[in-house]
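Undergrad: We have chain A; now place chain B onto it with these hints.
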Amino acid sequence: MTDAELIQAIRAGDETAVEALYHRYLPSVWRYACSQLAGNVHAAEDVTSETFLAAVRQVGALRPEGGSVAAWLVGIARHKIGDLRRRRGREKLSDADPAESGLACPDAPDGPAAMETAETRASVREVMDALADDERLTLEWKYVDGLSVREIALRLGRTEKAVEAVLYRARNAFRTAFEHVRPTA
Amino acid sequence: MHANDKDEDLARVLKTGYDVPPPSERFTKDLLERLRGELRQSERRRPARRPVLKAVADHWRWAAAAAVILGVGIGLAVVANRGGDTSPRTDVPGISPAVPASTPDGTPQGRLVPLEIKLPRNQIECTPRNIKMSPYIEKPSHAPRPPLMVPEGTVNVSRGKPVTASDSEPIIGELKLVTDGDKESTDGGYVELGPGKQWIQIDLSQSMALYAIVLWHYHAEARVYHDVILQVADDPDFIENVRTVYNNDYDNSCGLGLGKDMEYIEDYRGRLIPLGGTHARYVRLYSRANTSNDQNHYVEVEVFGTPEGTGEKRVPLKVDLPKSVLPR
Numbered sequence: 123m124t125d126a127e128l129i130q131a132i133r134a135g136d137e138t139a140v141e142a143l144y145h146r147y148l149p150s151v152w153r154y155a156c157s158q159l160a161g162n163v164h165a166a167e168d169v170t171s172e173t174f175l176a177a178v179r180q181v182g183a184l185r186p187e188g189g190s191v192a193a194w195l196v197g198i199a200r201h202k203i204g205d206l207r208r209r210r211g212r213e214k215l216s217d218a219d220p221a222e223s224g225l226a227c228p229d230a231p232d233g234p235a236a237m238e239t240a241e242t243r244a245s246v247r248e249v250m251d252a253l254a255d256d257e258r259l260t261l262e263w264k265y266v267d268g269l270s271v272r273e274i275a276l277r278l279g280r281t282e283k284a285v286e287a288v289l290y291r292a293r294n295a296f297r298t299a300f301e302h303v304r305p306t307a
Numbered sequence: 027m028h029a030n031d032k033d034e035d036l037a038r039v040l041k042t043g044y045d046v047p048p049p050s051e052r053f054t055k056d057l058l059e060r061l062r063g064e065l066r067q068s069e070r071r072r073p074a075r076r077p078v079l080k081a082v083a084d085h086w087r088w089a090a091a092a093a094v095i096l097g098v099g100i101g102l103a104v105v106a107n108r109g110g111d112t113s114p115r116t117d118v119p120g121i122s123p124a125v126p127a128s129t130p131d132g133t134p135q136g137r138l139v140p141l142e143i144k145l146p147r148n149q150i151e152c153t154p155r156n157i158k159m160s161p162y163i164e165k166p167s168h169a170p171r172p173p174l175m176v177p178e179g180t181v182n183v184s185r186g187k188p189v190t191a192s193d194s195e196p197i198i199g200e201l202k203l204v205t206d207g208d209k210e211s212t213d214g215g216y217v218e219l220g221p222g223k224q225w226i227q228i229d230l231s232q233s234m235a236l237y238a239i240v241l242w243h244y245h246a247e248a249r250v251y252h253d254v255i256l257q258v259a260d261d262p263d264f265i266e267n268v269r270t271v272y273n274n275d276y277d278n279s280c281g282l283g284l285g286k287d288m289e290y291i292e293d294y295r296g297r298l299i300p301l302g303g304t305h306a307r308y309v310r311l312y313s314r315a316n317t318s319n320d321q322n323h324y325v326e327v328e329v330f331g332t333p334e335g336t337g338e339k340r341v342p343l344k345v346d347l348p349k350s351v352l353p354r
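Going down the list, the protein sequences come from chains A and B.
The working numbering numbers the first residue of the first sequence as 123 and each following residue consecutively.
The working numbering numbers the first residue of the second sequence as 27 and each following residue consecutively.
There's no promise every hint is true.
Unchecked claim - Here are the computed lysine-lysine pairs in the DSS-like style, where the Cα-Cα straight-line distance is at most 27 Å: (1) A:K283 to B:K286; (2) B:K202 to B:K187; (3) B:K55 to B:K41; (4) B:K144 to B:K165; (5) B:K158 to B:K286; (6) B:K144 to B:K55; (7) A:K283 to B:K32; (8) B:K187 to A:K283; (9) B:K165 to B:K55.
No wet-lab data here; the hints were simulated from the structure.
The shape of chain A in the complex, shown without the other chains (with noise of 0.2 Å):
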């Protein structure tokens, strides 16, 4: 089923459809949230919950044809981060304890390999803000989801043709602003 007939769907009043839109996006809602908030995983469920809550909310509103979906999400996504540091008087989420926020892993590397992996995942995310929202969604659905092309044309109601056309800019533009952001050794 496209974004656009889930859409329809839920708009009906089908809840099964406001069931696989949620698993179809939640990955891509949390780990922007997360990754926005660095890992503080309360404000995480907080944002994520207000997300798809005011998602279900306003899709009356939603024009399906207007955008993609997981874009419209995550643009949710961004506005709740926004509100959730306004209520909390600009207070550093980002500067939750690890083992508190579940970040905290008993297989991370300590020492020199830590610091190059919370490098480069700054590197990456700092790259990946700057990517418009389709491009960004793409990369990740298509190298962390391992989704193939078609299921991604399928999300976005978009040709296989089109969507590898997207990859092919994205991928150019993460490797070279990745080049510049990366740390040297």
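TA: Below, chain B alone, put in the same frame as chain A:
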């Protein structure tokens, strides 16, 4: 390096970058339940529409015929009323960009001074993205904006005034941000309304002469908001004496009349729309999504006018008539 190796390398880097903990199973389940509940509530909130929609679906041929007849009838009535002009707009005479402020009859009143507009900082650091230039979009210019001359004593009359909107539950922010004086497009500095056509409305508390409005939708990124329509009126429901003073809805997709004004790219200077001294109490602004997303945003709206006692006052025209010589 082989293309596959490059792809594997990219996947490895991205996976490292997005190595975040997964959401807990409990959170995932709870949120799904809340979404189902929200959907059911949304359904309950619109019970009245269903029988009508069902009836239309059942008798669509009759409904279509009735709609055509009704549409033609209304169209003919409007044309007859307006002498062929099917647009519902009531333009304010004498308004054009950067013209001297004037009374409604076009006569400049009192001493004129340049309108002072305090601008926010320029936050755009990159070239516009996703904007496909069309004949309807004004060519961007970095030249200084010509000053707008307004009567001395003209001030911002919208600061802190109540704002209402078509979307009572903004996706982000609060409606009061529209008139709070903060013009920065930073987090927490703007209100976001839902997708599609939306409007906001400012109640200026009293009718007064209005000379200009400056509008900032969102200026942290170069983008174009569609169907920007500005109306002023004397009643909150915009039924009587509605005047459309700006309209760039070039295809009438909002249904408020075909706009003759240009679309424009947002920047820190905002959009200055002269109002020429028209009197009104309520100001309403429409928009319908933008080139970056489906939502509608407002950082700030400033309405400049002369509050009661400082501007010209309108009085009924007194005409002394001669004595009638015709037999009664």
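Undergrad: A separate judgement is required for each hint: does it hold in the structure or not?
TA: Right, here's what the structure says about each hint:
1. A:K283 to B:K286: 38 Å, violated
2. B:K202 to B:K187: 8 Å, holds
3. B:K55 to B:K41: 25 Å, holds
4. B:K144 to B:K165: 24 Å, holds
5. B:K158 to B:K286: 20 Å, holds
6. B:K144 to B:K55: Violated, at about 49 Å.
7. A:K283 to B:K32: 20 Å, holds
8. B:K187 to A:K283: Violated, because 51 Å separates the two Cα atoms, which is more than 27 Å.
9. B:K165 to B:K55: 50 Å, violated
The structure fails to meet hints 1, 6, 8, 9 from the earlier list, while all remaining hints are met.
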